[in-house]
Amino acid sequence: MSADSLESAFEAFREELDFTVEASGESPAAAFFRIFAETAAENGDTIDLIHTPVRREGRGGYQVDGAAFDSERGVLYLAICDFRGIDTLETINSADIDALTQKVRRFIEFAVAPGNLEAFPAQSPEFEAGHALAFQTASVRRIRVMVFSNARLSTRRPPEPAPEITGLPVVYNFLDFARYASIVSSRGSPEPITVDLQSLSGAPIPCLQAFGADDDYQSYLIALPGTLLADIYGLYGARLLEQNVRTYLQARTKVNKGILTTIKDAPHMFLAYNNGLTATASRVDTVRTADGSIAIASIDDLQIVNGGQTTASILYARDRSGADLEGVYVQMKLSVVKPELIEKIVPQISRFANTQNKVNEADFFASHKFHVTMEQISRRLTAPPRPGATSGSKWFYERARGQYRDARAYGTPKQRRDFDLEFPAAQLIDKTDLAKSELTYAGLPHVVCQGAQKCFLHFADKVEGEWATSELSFNDEWYKAAAAKVLLFRWVDRMVGQADWYREDRGYKSQTVAYTIAWLASRARKSGKAGLNLQLIWNSQDVPEEIAEAIRQLAPQISKAIKDTPETVRNVGEYCKKQACWNLIDRMTFNVPELPEALLLDKEESKTAAREGRAVRQIDRGIELETRILALMPYAQKLHTQADRMRLLSPTSRSALAKLGSGKFPLPPGDTKAIGDLLKRMAEEGFDTASLDGGSAKSVSPTTDTIKLTSTATKVIRI
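Quick note: the sequence shown uses UniProt numbering, first residue 1, plus one each step.
Any given hint could turn out to be false.
[To be verified] Computed spacing ranges between beta-carbons, pair by pair: (1) S321 with R55: 34 to 40 Å; (2) R55 with T261: 56 to 62 Å; (3) E191 with D18: 38 to 44 Å; (4) G686 with E624: 52 to 58 Å; (5) G58 with F135: 22 to 28 Å; (6) D688 with S650: 37 to 43 Å; (7) E72 with A203: 32 to 38 Å.
Calculated directly from the structure, the hints in this document are not laboratory data. All C-beta atoms in this analysis are idealised placements derived from N, C-alpha and C, irrespective of residue type, glycine included.
Full structure from sequences and hints, please.
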């Protein structure tokens, strides 16, 4: 990234930091931690970190700003922040980095020493950060230390192994501002990783080539030594895993006991028993060995798209069980894809590689039609004016990471100002925001407290089931309610962060927010209502004062209640992730004023609104289908030929395409349905109608006209 691009990225980061501080009520240092921790988790460097601002100054001082323990894999993640509240980008050198990592090491040594942590309250950040080290010592098998800095490293440093601490292997990983900016600008693409096999193993790895000279990709078959695979994964962690596999592995999959058994009892049979790995890369360096065969010295942009569980289990076997991996080999199919084809081919390799196991279509949720529908609604649905505003604006739903930033980045300064008025930054909703607010309101705060990955996957499963049974339920009214829940969630988050009672006893803010909203919504349902009147929140684009006052009184009581754990529980953060915690809080009575009837939604009114929303959505879908069919009119013959080649034409769809090709429009309802069903089947078989004419079939030519779509619907569209 050029110096100018880096400076621009730093300005954008400062804007995001200021916005986060204002929106959350947090200090700039806490907001910095939140931004960098979320980026690290999304990138696979860590799991979801809990903010634990631990600091002791002076001789022997220590510092830890975030922590999380992956008990399934025995990996403890610790983070330390080098936050600089300045407006210019500075440089951080190796001496600064070494000083930071030494502070973390001293905290680890402090935490493992008997009796030290017991002097701190269970609610303290010291207790939270060191709990696994002090009380789950036997379960910790590896420590990954993350250094966050909004300065730029003078020399980029990849993850590096560090001297052991109390017998535990340690890896240092660095997220400076240059790397942060690179990750953000990649719009969700994998961060480049170069794995130097020759350095790690002492020699290049023999392979078998399996490709032709003119192929778009190169394929290699490799028998990868288990020790080398464990070393690579121990160094880079989940960054090696393609995003969908990473999410699935971190949130759902336990270590495979069958793999552990094979490693222990029959390591020489591992290659025969295990399905191996499927991986992709953008480039490999190959060398000739003494006998003339090909070997791989290094791999650029390595991503494992299938076999994440095998990879994690092999490292687990060595760390947790002390397994000898000398006789273990893992087969790997490595596809090297040209850079210009990566975005097209790699997702397909990932998708097809995972059709045989539980990483199925539901786990590729980012491309689910639900997201596309929400995106479409968010671009056209204008909210009522906010208090003090003269015109309404829109809630921008970000289906893919970076959409908002990209949409805002182009155009003149006036166009950017107009964009900001239409889509204010405060009204950006990403998938994580939506999942947190929806599950919180639904009475699942314990799931929300389990972290972004698990929260999102639980939400994905929920929506997947509801979409299959009632797709029409996800309509304008659903999105209005969803935006109202996000607005409420953010209001509570900001209120708690700014409250005097919280500033006097910081900690467990996210848990307090989730449990407060969940309890209030649950109370409304227990009173015989459908819930809070979210339509009022949407209409006013604000939290009604009666609800706000109830939350102001409720939140400190919730905060106290979740910290008052049973005698058998010592870790508040872990306790908040349990169903038992929510069951207890949900049954409790708190001193909160009764909400007026007008702020609660009647069940019959809720059913009527849902029914009307589905009816409107049905009409909208019909209009969308006919608009799409109209766009395909110039390509009707090509569509007919392709469908015939795929053997998907029925007599009705054949006739309907003939009418469309002759210029007849609108088509009778039966013909419209036949073409709609045909397009759906072709898409399921992997055909994209955009390929009919280089992508232009997705849209219609740029003239405005009014057309009659059906006998009952007329719409002004771009044709």
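Here is how each hint holds up against the structure:
{"no.": "1", "hint": "S321 with R55: 34 to 40 Å", "result": "holds, 36 Å"}
{"no.": "2", "hint": "R55 with T261: 56 to 62 Å", "result": "violated, 45 Å"}
{"no.": "3", "hint": "E191 with D18: 38 to 44 Å", "result": "violated, 26 Å"}
{"no.": "4", "hint": "G686 with E624: 52 to 58 Å", "result": "violated, 22 Å"}
{"no.": "5", "hint": "G58 with F135: 22 to 28 Å", "result": "holds, 27 Å"}
{"no.": "6", "hint": "D688 with S650: 37 to 43 Å", "result": "violated, 21 Å"}
{"no.": "7", "hint": "E72 with A203: 32 to 38 Å", "result": "holds, 33 Å"}
Violation of the numbered hints given earlier is confined to hints 2, 3, 4, 6; the remaining hints are satisfied by the structure.
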